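There are 2 protein chains.
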Amino acid sequence: MADIQKLEQLAKLIRYWSLVSTTEAGSGHPSSSLSATDLMTGLLFGGAFRSDVDRPKHPNNDRLIFSKGHASPLFYALWLADGKVTEKEMMTLRKFGSPLEGHPTPAFAYTEAATGSLGQGLSIGVGMALNAKYLDKLPYRTYVLLGDSEMSEGSQWEAMEIAAYYRLNNLVGIIDVNRLGQRGETMYGHDLDVYRNRAAAFGWETIVIDGHHFPQILTAYDQAARVRDRPVMIIAKTEKGKGVSFIEGKNGWHGKALKKDELARALTELGPVDKDVRGEIKRPDDLSPASRTSAKAGPIAYALDKPVSTRHAYGTALDRLAVQYPDIIVLDAEVSNSTFAEIFKKGHPDRFFEMYIAEQNMVGAGLGLSLRGKVPFVSSFAAFLTRAFDQIRMSQYSAANVKFCGSHAGVSIGVDGSSQMGLEDIALFRTILDGVVLYPSDAVAAERLVEEAAKHRGIVYLRTTREDTPVIYRNDEVFRIGGSKVLRRNRRDVVTVVAAGITLHEALAAYEELKADGIPIGVIDLYSVKPLDVATLIEAARATGTIITVEDHYAEGGIGEAVRSALAGTGARVHSLAVRKLPRSGKPRELLDYEEISRTAIMRKVRELL
Amino acid sequence: MADIQKLEQLAKLIRYWSLVSTTEAGSGHPSSSLSATDLMTGLLFGGAFRSDVDRPKHPNNDRLIFSKGHASPLFYALWLADGKVTEKEMMTLRKFGSPLEGHPTPAFAYTEAATGSLGQGLSIGVGMALNAKYLDKLPYRTYVLLGDSEMSEGSQWEAMEIAAYYRLNNLVGIIDVNRLGQRGETMYGHDLDVYRNRAAAFGWETIVIDGHHFPQILTAYDQAARVRDRPVMIIAKTEKGKGVSFIEGKNGWHGKALKKDELARALTELGPVDKDVRGEIKRPDDLSPASRTSAKAGPIAYALDKPVSTRHAYGTALDRLAVQYPDIIVLDAEVSNSTFAEIFKKGHPDRFFEMYIAEQNMVGAGLGLSLRGKVPFVSSFAAFLTRAFDQIRMSQYSAANVKFCGSHAGVSIGVDGSSQMGLEDIALFRTILDGVVLYPSDAVAAERLVEEAAKHRGIVYLRTTREDTPVIYRNDEVFRIGGSKVLRRNRRDVVTVVAAGITLHEALAAYEELKADGIPIGVIDLYSVKPLDVATLIEAARATGTIITVEDHYAEGGIGEAVRSALAGTGARVHSLAVRKLPRSGKPRELLDYEEISRTAIMRKVRELL
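As given, the protein sequences belong to chains Y and S, one line each in that order. Going by my numbering, the letters in the first sequence line up with residues 1 to 610, in that order. Going by my numbering, the letters in the second sequence line up with residues 1 to 610, in that order.
The shape of chain Y in the complex, shown without the other chains:
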């Protein structure tokens, strides 16, 4: 057993810095830090946690995720107590340019994942634990510090069920049950049985402790490490503001730094602090991750004009590319027979994880896998990825390398109706800073863009279509992020139609019919919606003066607005055909017509403009 007195000294040091740094910053969450101080001090310096602190990215390190990211003063102070943050750095908390941001981000070397939107850390931990157990096959453990308030987020229970399903005995959650949320008591206060019963019902081993009692804390971590068949939840009774009498257990102190005089009182209460005491974290073994060989992927061989859905090509591409990109891992939310992720699953069952109908956890787990070096492809219906948009948004702050695929885009899915139609996915994914949005129109483009997505470092969104569409590209056609294809161009073109995905085929059909009538139009395949091939668009606008955009997506934030934005100031006229009426059930063609994004609508618009 570790030296309890030393742990108490360290805890005091950490409390000291949590208080002092937040008062210096003038904001922050000291009370939420104090409640978890003993739990985290015991974890890092009590012998359970193994990390080569000189190599924070070392694959054998245990991972520690602060799901309650607002306890960041504690997080940084832990690393001060390990000697990795100086006192001076600690005093830069929350200041512009400091790596010690208000909530942990990768600007700080020991942050495993950015947190601050509650209820996300456990899912990220699931991804890291899946990686350890099934992919890298390394003995590292993943610890996630959870707040009691955030246990009300449904995403937590998604992570709970999936962690148990995959028997992640290398995942340890620690609930800091400090009873108080932001504006008052949580639903359950200090009723620890509620948390225990729920965690147990979700298949977890549970350990209930006093979160301020080091012997219990150390025993809990020791027990947790010995569970072999399931994840472990340590449920710890704590006091918010522990150690400072006038905030301990008191409501009204959430997210409040102490004023200078309050700090002085608090420090007096804390008593003498050994500023020089430093803890030591155990080093892990130096094992290599399970290796995977790589070989060149085979060619593609689609027959021109043959109808194949881009969603099918997505699955085929993943399966084909798997050998060349051994880090590709595929996750799907119980619709793999619709997204066609199942093609990959059949070929590479050891690299596929069924995440069931729980999109938020799927995205968080994908992020966790990405942060351990994998290249996850995460798929569901485009409509249902909206379910996890907070997780998607947050993943950019962790510098994620995750690829999302949303199938069943647009009204062209037909009879299933509006609930199943992805009509805002382009708008959502376009907001991701440095994100990429790709929208292939045929199987060749889909295959090529899946590979571009795999090669690109960052967040990529691929939009696929339910319906079969004819192959229009040769197998050796090259696609690149930020590119487009000018498919029809003639110096007499009266207008250029810009489309992508299913509407590209409508545009090509309109081209043929109008051509027969002696009306030439240009057609551009805008397969890279972000970044946009602005140069080609401007050239087209100059050539014909008028652009018609056509998309199977709501008007806002989609292709039309992207193009209009790019062409603002050029004087080009832009007409945008998009989904503008409440969609309903019907045949794909009926709905394309109804929404005025079909070949008929394009021809009507072109004739109007003549």
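These aren't lab readings, by the way, just hints derived from the structure by calculation. These numbers come from a predicted model, not from an experiment.
Note that the list lumps identical chains together, so a pair holds whenever it fits in one copy or between two copies.
Heads up, simulated DSSO-like pairs for lysine-lysine below, C-alpha to C-alpha not over 27 Å straight-line:
#	residue 1	residue 2
1	605	587
2	256	95
3	95	587
4	57	133
5	6	84
6	256	346
Knowing the structure of chain Y, use the given hints to seat chain S on it.
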């Protein structure tokens, strides 16, 4: 006890039509309908359910929500069995123009809420049950049919915890545990104990039954009606495809209509069907909802120039308007002391529901309240409303009348960092068909726009700011949805700056400084981001030729793109200042400067353009 033989006849009729209508449609979910047929037949025609079927909106009717919306053939066939859908209508299932859409929508008179994105029905039920118990004070009960697969959605457990917290004994869930999801077995197959233990751990009364055994089914509803202190979950073991041997309990039949020959075999197995049998649903009592008096709201009295945050004005406005709009109900996700919904809560605790950190369920419950005639205002940080975007998206298909308020918009929140910053909320809410997006810049505008939101029927999003901003409008200033304010205009203006919220104050400051240098600029407050005041924008573009948009939001889908889209083709030059760098912690002013959306950035851009 009801006539079991009659129920069996009705169930046979309903199975018949679930099969026949989907084969006619060529798609749909007969197997998922067959598993729940006995459960639903027993509910509607066994005496538990009370509804005046001639008045589907009657406030005393029991509500029935098909959370597993893909069982829509069953849903419609139930109403055929009640005589409200003709055989001919039943055969229009999934056809363009038919009210019998692929998933239930309000096009069908008996649909309480549109479903089809799984895991949402229970939250909607929570809203309806809250209304019955605490607002209308009516004895109607709300029944929600749930699929076993969809129990993996975290949103379900949010609904579970909140329903128990509010002791909603008028809410009955029915899990149709048919063992099979879309692509195979669920995580738990027919292990009913998993569902029972979890529901019990979440505080629900549980009743486990054979879902094909009418006496058990009827007893379960009877028991459920007698529970007084908690919601009830009926967990029913069923067989997917029940009644047709070659699909019953077999994988591979999800979402598949029978082919003609398969249908013939199935109908032979089903045996003779009495096509004329019709069930009877009990009528409810005719009680009046608890009435609320109404009186004119008091005036507002803000002092010009005094700094007040728009989020504070939001809370003040709700509190002030409560008396005039008795249907206003406020929901908040455990941040009411930040969104300032707490001001309303203090004045009107009986019309405020604390929904804890569970945004998805909060939005679903808001929808449920709205569908029972209330005007819910639903608030959290703008960043965290993204958590519930699938629910927000779906609410438009239920013709929701819900008002969302997202506080802490943009980088100007400062030190808390990127995770807390709403930077994509405008883009998200702009995609809502017929949605309204409002973004007040001062307390007067916030007060007025809250009232406009309350008066407007439909989905409205209000974006509020953390920081205090000076009052710039007189108390009698009028604001309207679709309007804007030209705050500075001079015939010599070199450029017009279009801003809203916090950046409007940056624009006004830039105006003063540039004016001192003899450079006149126009300034427009674009408080209505959707719909947009296009006429005013075009007029400004004509007058100055150049527009600068400035927004505390990512560039995509925000104010810049909205304005650029509106002005495409006018030849106006538009320069857009928006958040384009990874945001971090810092003081509000440092971050506005860093992201180049501050007064300094505006002045720099104006000078560049001279």
